[in-house]
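Asks: Next come the chains, spelled out residue by residue.
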Amino acid sequence: MITTHRVWVYGDDVNTDLIFPGKYTYTLRDPAAIAAHALEDLDPTFAANAHPGDAIIAGRSWGMGSSREQAVTALKTLGVRLIVAESFGGLYFRNCINQGIYAAVVPGLYKRVTTGDVIEYDADSATITAAGETFALPSLPDQVRAILEAGGLLALLKRR
Amino acid sequence: MTGFTFVEKVPARAAGVESARAGEVLIVRPDLVFSHDNTAAIAKIFAEIGVARVFDPDRIAVTLDHAAPAPTTAHAQNHIEIRAFVREQGISHFFEIGRGICHQVISEEALILPGEVIFGSDSHTTHFGWMGAFGMGVGRTEMAALWATGSLWIRVPETLRVLLHGRLRRGVTAKDIALRLCADLTVSGGAYRAVEFAGNGMESLPLDDRPVLPNMMAEFGAMSAYMPPDQVVFDALEGRRTRPYTPIYPDADARYDQTHTIDLDALEPLIALPGSPDTVVPLSRIAGTPIQQGFIGTCTGGRYDDLAAAAAVVRGQTLRARLIVIPASRDVLARAAASGVLGDLIAAGAAIGTPGCGACMGNHMGVPAVGEASIISGSRNFHGRMGTPDAPIYLANAAVVAAAAVAGAIVPVESIEAVRS
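Sequence lines, in order, name chains P and F.
Sequential numbering of the first sequence, starting at 1, is according to my numbering.
Sequential numbering of the second sequence, starting at 1001, is according to my numbering.
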């Protein structure tokens, strides 16, 4: 199945404090309230303008820093289901998988697109097509694929 | 010897096999898991899983540290929910506000030991490498899954070996080593990898300095970090531990992804400029930069030696900038009180806070105003970290922070000492 995604493009080292500020971490629990602060110190236009189906394309170390899962929840609540970066903070990568968000390392993609572009994601062939070029997505370990297919770790555990 | 790194041995044993190569996926059963002020949010996810009881209340620790004592009613509500959950589940290891920061407290209590595996819902869980344990940070959903099942999947990472050669000069600390490493290989230098420290330079690191290296490997992007434990470590755990342990070392012929060497003799005090821990310059490059607030504290830089180094700088001085000192634990505070270090800090005008995470993340106890510059002995200087993106944060070792508080500007520590003499 091929789906299309409008993209928001960001650079290197976007840490979890920029994605979701630490000062809100122990008081905001409602996903909508969390989402309202998504990327507020980096791109104040994002939360109000992101649409379901949008994807994030970033440089190296997207989501480095804190373990806070709200940095994933905030984007997921706004409808983001696909994040592609040169590399991820390890914890952020795991948090994405555990929330059923497909986080993929694809070197070179973020230099080919700008915010507002539309990319095509082909789940069957595991590729992304952007700016006329096709990028292969890395293969996933079975455990990771099982979590993603269930819609996240919580959904997988509930099913068991 | 069969060429195994530390992370190819210890998580494997916790998964019931002798060893595993980098790239293999393991289902690991940790010796201890812990959470902090995020416990209430995790409990909510745990309830959704539909399991009534946690896997083992004796292998779970909870510490109130991140916003403690509660700065607002909302934070207090969060704490009260956590206390109720701890009671309801009979969790053995609960630490109230003021006991200290989770990593420091669990280390002091010897709840985890060399060769063991610990998962925490906090990115600085890499910290436990100081004693040769495997520590890894996890997210909230993962912690809920751990409470329910007692196990978690990990992919065994490749390992970067960092060789420390020589001996630190006076006034240079493990903080400067960590900043040097971030500067050399960037904040993604450790991404998806484990870091093993080795080399003769480690022997000269005092106990309080050791956790700084694995702790700050969180800023370096590493999944876990390890230092080979020696007698200094064994002595620190004696008297508190309640079970035997076997330290685990990497094989001499272990295979590393990369080896990076740092010459300790050549290191000087370093500063990370606002924004990222890898934007590092020698102190001399930015001497004279005005500072409004110094903060000594956090799991990175709030141990006894940090307070003592700061006290040595501020003794007999008056401060031109605010200095906030928040010990990493009650033990650190008690020791500083007994030795006179605390008295020196108070006499100079430092503001002392309740042991905990303090001003590190913009919750309370030292939030800067717009335009105010802070210099901190902690590890995070991301824009907005302390509450507003318009308040620059510099990272340095504790003596440098104290000197900046005395001068109202970033200055070499020796310039303060020169004034006194």
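It is worth saying that the hints were derived from the structure and are not from the lab.
The reader is advised that the hints may include incorrect statements.
[Unchecked claim] Think about it this way: if two alpha-carbon atoms lie no more than 20 Å apart in a straight line, the pair counts; the simulated EDC-like pairs of lysine to aspartate or glutamate are: (1) K1044(F) x D1031(F); (2) K158(P) x E1048(F); (3) K111(P) x D43(P); (4) K1044(F) x E1088(F); (5) K1044(F) x D43(P); (6) K158(P) x E133(P).
Asks: Does each hint hold? Answer for all of them.
Replies: We went through each hint and held it up to the structure:
1. A C-alpha spacing of about 23 Å is found between K1044(F) and D1031(F), which places the hinted pair above 20 Å, so the restraint is violated.
2. Under the criterion of a C-alpha separation no larger than 20 Å, the hint pairing K158(P) with E1048(F) is consistent with the structure, at around 8 Å.
3. Under the criterion of a C-alpha separation no larger than 20 Å, the hint pairing K111(P) with D43(P) is consistent with the structure, at around 19 Å.
4. Taking the CA atoms of K1044(F) and E1088(F), the gap is near 14 Å; set against the 20 Å cutoff, the hint holds.
5. Taken as a hint, the K1044(F) and D43(P) pair is broken in the structure, with Cα atoms around 30 Å apart against an allowance of 20 Å.
6. Of the supplied pair hints, the one linking K158(P) and E133(P) is violated, its CA atoms being roughly 40 Å apart against a limit of 20 Å.
Of the hints listed earlier, those the structure fails to meet are numbers 1, 5 and 6, in rising order.
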